[in-house]
Amino acid sequence: MPPPVRRIVLDREPSVVGAPPNGAQSATTTATRPATSTLPGTGTPPGTGTPPGVPASATGERGSGGIPAQTQPSQVQERMRIEGVWLAYGERWVVRDVSLPVRRGEVLGLIGASGSGKTTLLRSLNRLTEITAGAARAGRITLDEQEIGEIEVNSLRRRVSMVFQQPNPFPMSIFENVAYALREEHGERGARRRKRRSREELMPAVVDALRRAGLYDEVAGNLDHPALRLSGGQQQRLCIARALAANPEVLLLDEPCSALDPISTATIEQLIVGLRESVAIVIVTHNLQQAMRVADHVAFMHLGELVEYGHSAQIFDHPREQRTREYVSGAFG
Amino acid sequence: MASTPQTLRPPAGSIRASRGRDSMGSWPLVDRAAYLVCWVVGIGLCLVTAGIVLFMAVKGISYLRPSLLLERPNASPNQATSGGFLDPIEGTLLLSAVGIAIAAPIGVWLAVWMSEYQRPAWLARLVESGVEMIAGAPSVLLAMFGLVLFARPVLGFLSQTSAGGSVTGKSFLTAGAMMSLIALPLVVASTREALMQVPAHVREASYALGKTKATTIRKVLLPSVRPSLTSGVTLGIGRIVGDTAIVVILLGGTPQLEGAGGAPVLSVLRGTGSTLTSYVRLNSPAGEGNAHEKAYAAAFVLLLMVLALNMLVMRFSTTRNMDEPSRWRTLTGSLPWIR
Numbered sequence: 001m002p003p004p005v006r007r008i009v010l011d012r013e014p015s016v017v018g019a020p021p022n023g024a025q026s027a028t029t030t031a032t033r034p035a036t037s038t039l040p041g042t043g044t045p046p047g048t049g050t051p052p053g054v055p056a057s058a059t060g061e062r063g064s065g066g067i068p069a070q071t072q073p074s075q076v077q078e079r080m081r082i083e084g085v086w087l088a089y090g091e092r093w094v095v096r097d098v099s100l101p102v103r104r105g106e107v108l109g110l111i112g113a114s115g116s117g118k119t120t121l122l123r124s125l126n127r128l129t130e131i132t133a134g135a136a137r138a139g140r141i142t143l144d145e146q147e148i149g150e151i152e153v154n155s156l157r158r159r160v161s162m163v164f165q166q167p168n169p170f171p172m173s174i175f176e177n178v179a180y181a182l183r184e185e186h187g188e189r190g191a192r193r194r195k196r197r198s199r200e201e202l203m204p205a206v207v208d209a210l211r212r213a214g215l216y217d218e219v220a221g222n223l224d225h226p227a228l229r230l231s232g233g234q235q236q237r238l239c240i241a242r243a244l245a246a247n248p249e250v251l252l253l254d255e256p257c258s259a260l261d262p263i264s265t266a267t268i269e270q271l272i273v274g275l276r277e278s279v280a281i282v283i284v285t286h287n288l289q290q291a292m293r294v295a296d297h298v299a300f301m302h303l304g305e306l307v308e309y310g311h312s313a314q315i316f317d318h319p320r321e322q323r324t325r326e327y328v329s330g331a332f333g
Numbered sequence: 001m002a003s004t005p006q007t008l009r010p011p012a013g014s015i016r017a018s019r020g021r022d023s024m025g026s027w028p029l030v031d032r033a034a035y036l037v038c039w040v041v042g043i044g045l046c047l048v049t050a051g052i053v054l055f056m057a058v059k060g061i062s063y064l065r066p067s068l069l070l071e072r073p074n075a076s077p078n079q080a081t082s083g084g085f086l087d088p089i090e091g092t093l094l095l096s097a098v099g100i101a102i103a104a105p106i107g108v109w110l111a112v113w114m115s116e117y118q119r120p121a122w123l124a125r126l127v128e129s130g131v132e133m134i135a136g137a138p139s140v141l142l143a144m145f146g147l148v149l150f151a152r153p154v155l156g157f158l159s160q161t162s163a164g165g166s167v168t169g170k171s172f173l174t175a176g177a178m179m180s181l182i183a184l185p186l187v188v189a190s191t192r193e194a195l196m197q198v199p200a201h202v203r204e205a206s207y208a209l210g211k212t213k214a215t216t217i218r219k220v221l222l223p224s225v226r227p228s229l230t231s232g233v234t235l236g237i238g239r240i241v242g243d244t245a246i247v248v249i250l251l252g253g254t255p256q257l258e259g260a261g262g263a264p265v266l267s268v269l270r271g272t273g274s275t276l277t278s279y280v281r282l283n284s285p286a287g288e289g290n291a292h293e294k295a296y297a298a299a300f301v302l303l304l305m306v307l308a309l310n311m312l313v314m315r316f317s318t319t320r321n322m323d324e325p326s327r328w329r330t331l332t333g334s335l336p337w338i339r
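Residue numbers (my numbering), protein chains in the order written: chain A, 1 to 333; chain B, 1 to 339.
Hints in this document: simulated from the structure, not taken from any laboratory. Be aware that a few hints might be false.
Just a sample of chain B residues kept apart from chain A, beta carbon distances all over 12 Å, derived [as the list claims (entries may be wrong)]:
(1) 14
(2) 27
(3) 34
(4) 55
(5) 93
(6) 102
(7) 113
(8) 157
(9) 160
(10) 198
(11) 201
(12) 206
(13) 209
(14) 216
(15) 225
(16) 259
Residues from chain A shown here face chain B by an in silico Cβ test under 8 Å; the list is partial [as the list claims (entries may be wrong)]:
(17) 94
(18) 126
(19) 128
(20) 142
(21) 151
(22) 154
(23) 164
(24) 168
(25) 180
(26) 223
All of these numbers come straight from a predicted model, not from anything done at the bench. The beta carbon of each residue, even a glycine, is placed where N, CA and C say it ideally should be.
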């Protein structure tokens, strides 16, 4: 059965509850900064920058429709902070001086044309960029106020989990796919003393992760079936379950629906909106409609620069920058 | 009133049936000649193959007796008392087991290192050309090298030491070690090829769950390439089963399995023996055994073994879900536990 069509997005209010009207809609527009000040590490954190000429009506007073109360996140809390981040592959700086907040209770959408650096930025959040030889980073990325470069990389990745463009369940059973994420690594604290955890021990956590990913009811009877026999949409939800299993603080989604049909896409979008309550979500998407449907804040990137950041409704209805206006209206991209 | 779908037709005379391909009449003469050559060559190859199999089958079946499979061979000029080829069959199985037991783990290790680590780069290139070199080396060359190597007193524990103190260098262990070299390139190539087909995002998905590279290889990559790994191993066994030079030079050429004495299993492994290939060579009209009927029978058994291995390889490499578009699924679709 196809899931019900989600709310009409154009009528919705920004879902940040209790945010000051100005602070919430402030943006770091690197494009307007003088070039000399955009040195690595000197980027102004969002929220402190002066919003240049934002019309007060741009985001605050939207239509009266709003979103149902139960999908309103109860509180918004900053988990990660990207401050003046530059990223390079070799000699080429593909992300230049980007600053963004990642908050629990909301979905941050990264939009932009191909080659705008949004996927690179996303992958830098769990240091997945580092597996590429010659990758470099400047600026600060913090997770709960700790620089991620100082966190042991495998424990960072358990806290900042990721789902990819192509559904990629591992060639094992559905249960084992989720349990794989739960098993400790050798050398991790306590792992050596404890023996390999049993199926009974892991089962509650696996079931919980599958429930959160909205897959449990469909696979409850056949957890031992091979994961690669699921449909594409189910596989992607299994990947989300796997990513949620270790209870991450941040969930990174790299175009999670681009390989899926519209019905599976709708299911996953609904899931994303439901999950933002418990986990901070960053989603990269090429699909502007999708960004409108799921993101609370949207960052528009172009050629490695953050052009505009703001509430989803503001970005799509009242973009401040010319380039944003052109992109969201389909002039390029 | 509209006609029913069954009676709905385009007007007669307007239908052009497609013949599936263009007619050869329009081809240039050179193309037609080349096409003809393709046919001749293809059919010719099939005829040669069928000829070999049929000839060996007719000859083999006519000479094959159950007793041949169960009797041990004797070095006797009289065909009636020279026995069967139980020991060569055992020798073939034992030698394949020893060879692949060495080649499979080393081959998988090499393949994983060459596809996942490749560092330092110069060493990876060196190893790659080394594997290629071994793949191209004639096995008789490997056998000669093995004989020189294993006859050194330090390696005497692998074979037998004669009363005078000289090491023979001939045993199942030494022959198996050299046999592993001819199986190794096949294991490396198939495993490495399959590893390179696993998309990068599958590895990254594992890293993104906080897993180390080692865990990713062990739990995700190796299970994914298991079908290719298995067919590489099977092909390797096929090479070992079919090789003659190493057996003749390094296995001692005694018709029966002759233990070296000592602990039961180790005694056989350090001892000498023969395989089906060396048995066929010895008893063929070219050899000195002069029992060509038994040679045909043994050759037929050998052919059956190799054909069975080839069919196993085809079974492993044929994927069960070719309709699924993604290569990743095709690769993993043939995993044994996915049905």
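Here's how the hints hold up against the structure:
1. 14: 39 Å, holds
2. 27: 43 Å, holds
3. 34: Holds, because the least Cβ-Cβ distance between residue 34 of chain B and chain A comes to about 42 Å, which exceeds 12 Å.
4. 55: 44 Å, holds
5. 93: Non-interface label stands for residue 93 of chain B: nearest chain A Cβ at 31 Å, farther than 12 Å.
6. 102: 27 Å, holds
7. 113: 17 Å, holds
8. 157: Residue 157 of chain B clear of chain A: closest Cβ-Cβ about 35 Å, beyond 12 Å.
9. 160: Consistent with the label, residue 160 of chain B stays out of reach of chain A, its closest Cβ about 44 Å off (over 12 Å).
10. 198: Its Cβ does come within 12 Å of chain A, the nearest being 10 Å, so this is violated.
11. 201: Per Cβ check, residue 201 of chain B is inside 12 Å of chain A; nearest 5 Å; violated.
12. 206: 7 Å, violated
13. 209: Label violated. Min Cβ-Cβ 4 Å, cutoff 12 Å.
14. 216: The claim is violated: residue 216 of chain B sits with its nearest Cβ about 9 Å from chain A, within 12 Å.
15. 225: Per Cβ check, residue 225 of chain B is inside 12 Å of chain A; nearest 9 Å; violated.
16. 259: 42 Å, holds
17. 94: Where the cut-off is 8 Å and the nearest Cβ of chain B is about 17 Å from residue 94 of chain A, the hint is violated.
18. 126: 6 Å, holds
19. 128: 6 Å, holds
20. 142: Status violated, d = 19 Å.
21. 151: 11 Å, violated
22. 154: With Cβ-Cβ at 4 Å, under 8 Å, it holds.
23. 164: 5 Å, holds
24. 168: This hint holds: residue 168 of chain A lies near chain B, its Cβ roughly 5 Å from the closest one there, short of 8 Å.
25. 180: 6 Å, holds
26. 223: Not OK, violated: residue 223 of chain A not within 8 Å of chain B, min 14 Å.
Consistency with the previously given hints fails for numbers 10, 11, 12, 13, 14, 15, 17, 20, 21, 26, ordered from lowest to highest.
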